[in-house]
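Asker: Spelled out, the chains give:
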Amino acid sequence: MKHPQLPSYLDQSETVRDRFARLKQRDVVLEVKDLGKVYKSTKGDVTALKGINFKTHRREFVCVLGPSGCGKSTLIRILAGLESHTSGDVLLDGKPVTGPGRDRGMVFQGYTLFPWLTVKKNVMFGLEMNGTSAFEAGREAELWLELVGLERFANAYPHELSGGMKQRVAIARALVNQPRILLMDEPFGALDAQSRARMQAHLLEIWRNIDITILFITHDLDEAIFLADRILVLKAHPGEVQELIEVPVPRPRHANQSTSPEFLATKARLEALIHPPEPEPDPDAEVKPHMIRFVNVADNVE
Amino acid sequence: MNLSSWFAVRRELSPRKRTMLGAGSFLLPLLVWCIVSYVPFVWHPMVLVNNPGDVDYFQVGMLVDKGVFAEESSTMQSLGKILPEGNPANPIYLPAPHEVAKAFYTAFITPPEQHDGQWLHESLWHSVQIIFWGFLISSLIGVPLGILCGTYSAVSRLNEPFIEFFRYLPAPAFGALAVAILGIYDGPKISIIVIGTLFQQVLIIANTTRKLDYALLEAAMTLGTNRIRLLFHVILPGILPELYRDQRILLGWAWTYLIVAELIGTSSGITWFITQQARYQHFDNVYAAIFMIGLLGLGSDQLLARLGKKLFPWDRPANKE
Ligand SMILES: Nc1ncnc2c1ncn2[C@@H]1O[C@H](COP(=O)(O)OP(=O)(O)OP(=O)(O)O)[C@@H](O)[C@H]1O
Ligand SMILES: [Mg+2]
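Line by line, the protein sequences give chains G and D. Residues in the first sequence are numbered from 137 upward in steps of one, following the numbering used here. Residues in the second sequence are numbered from 469 upward in steps of one, following the numbering used here.
Bound-form chain D, shown alone (with noise of 0.2 Å):
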């Protein structure tokens, strides 16, 4: 295949090749992960003792350090006594591909192993409600704050010194706050999520909205539109593909104040059962949860991509890929 096709400078790559790059920016860590899990050689800092010969202290399925594995052997052979037998091993919290993949499944079919556990889907559930209530709020705030701030200088000037200075306190340090005034439930998690949101947001989207081309304003104003009519008929409509681009983004970002804020007050979701499976080193849980948050993220972007593609027809950046 001709190589300088691939590296055309800022040009679109023919569908065939997005897709295959596309499945191998999945694959290739995957691929790495399989080389270090599969290949005794690679790396296997650890051995997995199956028969602990005549160490006192080893056991079958214990995990020792490659190093004291070694010194053992070579000591037991020097009193002439059982050698100890195990297998290369990686640590306990890099557990295989396949380990991570049954984990993934049985997660779902399992019962919690404490009685007052949560099924996983539960955990998550709980964290798809902390998310779309923080990011609602925020937006309900955010979205008309931000068009104001970019429609109205005063509105701006107002405005957004203070939030340009707020934005830079970190979300979590309101933790202790946030517990204080709402308690220790799901209040919290979610005032932490629209303080990471919030400020961000107003400012994303006053920005936008002062993008808008001044000229549909005047023109749409020698059509005879008065100043109310004009944010409604024009701005509005004019800045909406952008909007929900900024939105999708926000979104994100309100994605990743999530462990956080369920850390504050009483844990709880998704990161009540890391945290709690990391507890019992289940690490294939772990991950599982891990890969399940990333899932759910880029699936419901995606979800949301396509959703705009026919929301603005009109919106040629969008339409064209």
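Pulled out of the complex, with its shape left as it was, chain G reads as follows (with noise of 0.2 Å):
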């Protein structure tokens, strides 16, 4: 082991196991038995999921992690019914999942709002669909616009807004429905180290002032210990449950946290799990370069 000062992981701090055993008295909001997902493709089946067994408790913040393929788009889509399941149950407080609902609301990787409508216009779509008048909600999305901080934008058009802005209104578009349970796959995938930290400190924020459960979807190892209270490993081919791990390290989190001794165990932990210790052998080390010198003898850079 590279720190072999550092605690287990498993070891848990006493507010930090109090908080695990409130947490698991709280309802169960999703329940997943046995989940199993084969695409039949005209190359052969694929098993993408197998035999997944979870269940997250009501304002329970949960990242699913993995490596690539291993099938976390297609859980999370499941969850959100935008794709069926070839075996298994997934019940909402107790009832089966047949199909897309407001209960479940869902933040994509890639940009999903609606570019012909202003951001004001896009946090009340859901609610329009759902039969609520306009003027309603126009005031709803006004408050749930400011809880993101994106009020000034409210008559922007998407396409006016930068990466980290589009999924604030997305959220604040899930979350106009108060849904159940917030599903993210990937959300921040795609934005720059920095805006990437604020968005997680303010996902933080708002999921500790409303009744919210998330699930998160991540390949980022730091991401998922400084989200989390409980991580979901996922193996590839096929995918299945590897570990779900409590995360030790206390809440309220913040960013230097990152280097205390549960943060770094999780980690190490979470390395151990997903970058498997024997490495498939890498075609870019079979290239062995041949250095010529173009330059002159006298001409130096170091």
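Do not take every clue at face value.
[Stated by the list, open to error] Computed list of lysine-lysine pairs in DSSO-like fashion (alpha-carbon distance at most 30 Å, straight line):
(1) LYS679/D with LYS179/G
(2) LYS403/G with LYS169/G
(3) LYS679/D with LYS549/D
(4) LYS257/G with LYS778/D
(5) LYS777/D with LYS257/G
[To be verified] One-sided excerpt, in silico: chain G residues whose CB lies under 10 Å from chain D:
(6) ARG213
(7) SER220
(8) GLY235
(9) ARG240
(10) PRO251
(11) TYR293
(12) HIS338
(13) ILE342
[To be verified] Just a sample of chain D residues kept apart from chain G, beta carbon distances all over 12 Å, derived:
(14) ASN518
(15) ASN555
(16) PRO565
(17) TRP601
(18) TYR682
(19) THR690
(20) GLY767
(21) TRP782
Calculated from the structure, these hints are not laboratory results. Ideal placement from N, C-alpha and C gives every residue a C-beta, glycine not left out.
Make one complex out of these two single chains by using the hints.
Answerer: Below you can see the structure in the form of structure tokens.
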């Protein structure tokens, strides 16, 4: 091990242990039972997910972590009702999920704001589709725009916003429907490091203040540890649950916890899970450059 | 001026260059036309006789072939008779720019020569009406059908194979049939424009509908949008700017069917004007009428383009420029 002095990621402080105990007392919002998904294609069947089991409690923040192609998107799309599953059950508040619905909000990695609507109209969209009057929807939208700090941009069109701002609007648009759970598929994946960190802090802030359960997909280990109560680690081919890790880093979270022993221990565990000990043969390693000097012998840079 | 700045690959030009080149694209052909018309030694294959001399069949104002003129001149010379005189001229079917410009103007102020004739603007107005009705009927069927084909695979499979087949049948081929069914007046003309436009329209609009980012539909579904509302609140507004662009292009196609359409049954509109003028060898009027069609087409398209920018402020490609 690289850090022999690190505690185990399973060690939890008193307060953290208490918190998890209380968390598990809360109602189960989402229950996934033995979920499986097989894609049928001309080249043969692809098992994207197999035997996935987990529960999410009310106001819990769960991150789903895994290598590329392990079925993270497939999982969240099944939860959202955008994709069908081939075996098992998805229960929201005990009722099976059969299709997309407003009780599960979703924020996508790509920007999916409606380009023909202003920011405010985008946020109003969900309410208006469900029969709320335009006046009422407008008032609600203003409230939520204020929450994500974009009230000044209410009348801007999406193409006038930065990537981070677009995702803020997307979050507001999903939350205005007051869903039971917010599903987020690598929502900050396309942002630069700085706005990404800002959005993470902002998301935690929102989560703390409203009654929402969040299921957040990422392939960034630090992001998962920073945000999550528990991390669902998936492995690829087929997509199966490797471990459900309770993050021992205490709340409230802040950026300088990233060097704390709990954080590093969790990260070391995740690294061990996600990057298997024996790396696959890397074709890049085969490339052997043959260095030729193209400059004068006296012309040195070092 | 720096030459390389004119040929930067796929880069926008400065507004000045754009204007200059835009004007040039019209001025260059005009320049060629002027040279051919006004420089006597360029082309000019005919001679306009202004003094017949002793050639008995020559008359003042007669256009004769250069070769014939030279032959007659040498015959007269060898016989010692009076030589004919004349100036180099172009064939009657190529009037000079100023003649066409004059015709362009006078066509609107001179009454028709024939008692049953129509004024130029009356002919044009009739043509515009044919286009309008043809395009309207085509759009009333084609736009909804195209959107439905692009939205539902079942509708697409039921319609598109047949439409793919039908669009290869040349619309004018249905002329005789259209006359038999719809009579000899405007009915068959409008129907030719509909046949020429409709099938392309369905396919193009279906394709435009399919290009709408599916993630937008998914986002709407996770917000609790039902299927009917998806069509009217996501698909329709989502494709609207593209649909508008398609319609502009299709309107251009409808124009190209106009002349053929108007020849069907009793010839009418601008086509009747053109054929009539050509019969009396008023080629300056013919050109004037042709330019008129071009101007109307280009003008209406530019107008629609401007309107599009106003209508769809969120549509970036159209807003750039
Ligand atoms: N429509 C489909 N048809 C066939 N196979 C599919 C389809 N969609 C996904 N897959 C396969 O299912 C597996 C899981 O895909 P998924 O997109 O869920 O992975 P992911 O974890 O989200 O990956 P990434 O990190 O790249 O986003 C992959 O092996 C993929 O090739
Ligand atoms: Mg994915």
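Asker: So, for every hint listed, does it hold in this structure?
Answerer: We went through each hint and held it up to the structure:
1. LYS679/D with LYS179/G: holds (26 Å)
2. LYS403/G with LYS169/G: The hint holds at about 28 Å.
3. LYS679/D with LYS549/D: violated (80 Å)
4. LYS257/G with LYS778/D: Distance ~19 Å between LYS257/G and LYS778/D Cα, so the pair holds.
5. LYS777/D with LYS257/G: holds (20 Å)
6. ARG213: Constraint on ARG213/G satisfied, holds at 8 Å.
7. SER220: violated (14 Å)
8. GLY235: Constraint on GLY235/G satisfied, holds at 8 Å.
9. ARG240: Hint on ARG240/G: holds, closest Cβ of chain D at ~7 Å, below 10 Å.
10. PRO251: holds (5 Å)
11. TYR293: Where the cut-off is 10 Å and the nearest Cβ of chain D is about 4 Å from TYR293/G, the hint holds.
12. HIS338: violated (20 Å)
13. ILE342: violated (18 Å)
14. ASN518: Per Cβ check, ASN518/D is outside 12 Å of chain G; nearest 68 Å; holds.
15. ASN555: Check passes; 63 Å lies beyond 12 Å.
16. PRO565: holds (46 Å)
17. TRP601: Holds, because the least Cβ-Cβ distance between TRP601/D and chain G comes to about 30 Å, which exceeds 12 Å.
18. TYR682: violated (10 Å)
19. THR690: violated (4 Å)
20. GLY767: holds (28 Å)
21. TRP782: Non-interface label on TRP782/D violated, nearest chain G Cβ at 4 Å vs cutoff 12 Å.
Of the numbered hints given earlier, the model fails hints 3, 7, 12, 13, 18, 19 and 21; all others are met.
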